[in-house]
Amino acid sequence: MTNPKKSRRQLLEEFVTKKPDDSFSRYGLAMECMNTGDAKSADEHFRSLLQNDPAYVPAYLMYAQMLVRESRQDEARQILNSGISAASQKGDTHAQSELESLLTEIS
Amino acid sequence: MGVSRPDRISLFPLDVVLLPGAPLPLHIFEPRYRRMVNRCLETQDEFGVLLAMPRGVVRVGCTARIVEVLNRHSDGRMDILTVGSAPFRVLELFTVETPNEEALVEGHVDYLEDHSQPADPPHNPELVELYETCHTIIFGDYPKNLSTNPSARLSYIIAATLPLDLLWKQRILELRSETDRQERLTGYLREWAPHLQKREKTLRQAAGGNGNGLN
Numbered sequence: 006m007t008n009p010k011k012s013r014r015q016l017l018e019e020f021v022t023k024k025p026d027d028s029f030s031r032y033g034l035a036m037e038c039m040n041t042g043d044a045k046s047a048d049e050h051f052r053s054l055l056q057n058d059p060a061y062v063p064a065y066l067m068y069a070q071m072l073v074r075e076s077r078q079d080e081a082r083q084i085l086n087s088g089i090s091a092a093s094q095k096g097d098t099h100a101q102s103e104l105e106s107l108l109t110e111i112s
Numbered sequence: 033m034g035v036s037r038p039d040r041i042s043l044f045p046l047d048v049v050l051l052p053g054a055p056l057p058l059h060i061f062e063p064r065y066r067r068m069v070n071r072c073l074e075t076q077d078e079f080g081v082l083l084a085m086p087r088g089v090v091r092v093g094c095t096a097r098i099v100e101v102l103n104r105h106s107d108g109r110m111d112i113l114t115v116g117s118a119p120f121r122v123l124e125l126f127t128v129e130t131p132n133e134e135a136l137v138e139g140h141v142d143y144l145e146d147h148s149q150p151a152d153p154p155h156n157p158e159l160v161e162l163y164e165t166c167h168t169i170i171f172g173d174y175p176k177n178l179s180t181n182p183s184a185r186l187s188y189i190i191a192a193t194l195p196l197d198l199l200w201k202q203r204i205l206e207l208r209s210e211t212d213r214q215e216r217l218t219g220y221l222r223e224w225a226p227h228l229q230k231r232e233k234t235l236r237q238a239a240g241g242n243g244n245g246l247n
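So the sequence lines, in the order shown, correspond to chains A and B.
In terms of my numbering, the first sequence opens at residue 6 and continues consecutively.
In terms of my numbering, the second sequence opens at residue 33 and continues consecutively.
So here's chain A without its partners, still in its complex pose:
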């Protein structure tokens, strides 16, 4: 009970270690890294998430937005294209149109 309080990132890292296949925890960790300015770790987590679970549609847009902010347009386009096929396979038209409009914006 008197353990020093862990950071949100540490807690999410523990989830990912305990449950490596839990896509949402890894997504949460990637987002936390991104929101706290650690783009390098966010990049690794987004990549490993999409490798393990290419159907986790929400990650494509967030990852692509981060790549655009980092001026990595080519990689962003690649991610957006993969995201568009993943979203279309899932029938997620809302996500698909969001991904498409970002792709148009940066092309």
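There may be inaccurate statements among the hints.
Below, a sample of chain B positions facing chain A; criterion: calculated Cβ distance under 8 Å [as the list claims (entries may be wrong)]:
#1 GLU62
#2 VAL160
#3 LEU162
#4 GLU164
#5 THR165
#6 THR168
#7 TYR174
#8 PRO175
#9 ALA225
#10 PRO226
#11 GLN229
Treat the hints as calculated values from the structure; they're not laboratory data.
Remember, it's a predicted structure, so these values are computed and weren't measured experimentally.
Using N, Cα and C, we set each Cβ at its ideal position, and we do this for glycine too.
Could you slot chain B onto chain A? The hints should help.
Below, chain B alone, put in the same frame as chain A:
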């Protein structure tokens, strides 16, 4: 429910969905509700909390049991702590007029029980996993209320703790089997969870208030 409950109860429309077992602190300032609370304290009755909608109230609510009067202000206002008790459906509404006060609403109600088959199903592992991660993202900590409250329904604990859309909470309150509630809630969280960190400031602010409304 095992205990006999009155068919007619006072109703308190709020911007809240109260769920069985969930704590709800309230600041009572309107004279008609002070009267209602004082009467409930005398008779040890519960009052009904219903989600207020733009046009009227929903028909399914949950009774609130007053656990403690936290504070009685000199002008009659009160801070009370209540806890959600029994889900009910309103069959008929009555307006009770009192001179010089706004009317109170009472309802003839039917108490809603869960279907018996399995009354206490095993916890849906995906739901627990989603809950733990959502809780950690929003509150910066593991949820502790799963282990401290083994007798409460998992679906109610989760729906009461997370700052979910009120209409989703209302749907959870209206389902009459724990298996269905857990399944529905898992679907809601799957949809909701990836958006949490996109608008994180707003959510954390909302979470600070524990999602509970004041009258």
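Checked hints:
1. GLU62: At about 40 Å, which exceeds the 8 Å cut-off, the nearest Cβ of chain A leaves the hint on B:GLU62 violated.
2. VAL160: Violated, because the Cβ-Cβ distance from B:VAL160 to chain A comes to roughly 11 Å (cut-off 8 Å).
3. LEU162: This hint holds: B:LEU162 lies near chain A, its Cβ roughly 6 Å from the closest one there, short of 8 Å.
4. GLU164: holds, 7 Å
5. THR165: holds, 5 Å
6. THR168: holds, 5 Å
7. TYR174: Hint on B:TYR174: holds, closest Cβ of chain A at ~7 Å, below 8 Å.
8. PRO175: violated, 11 Å
9. ALA225: Since chain A brings a Cβ to about 5 Å from B:ALA225, closer than 8 Å, the hint holds.
10. PRO226: holds, 3 Å
11. GLN229: holds, 4 Å
Against the hints set out earlier in the document, violations occur for numbers 1, 2, 8.
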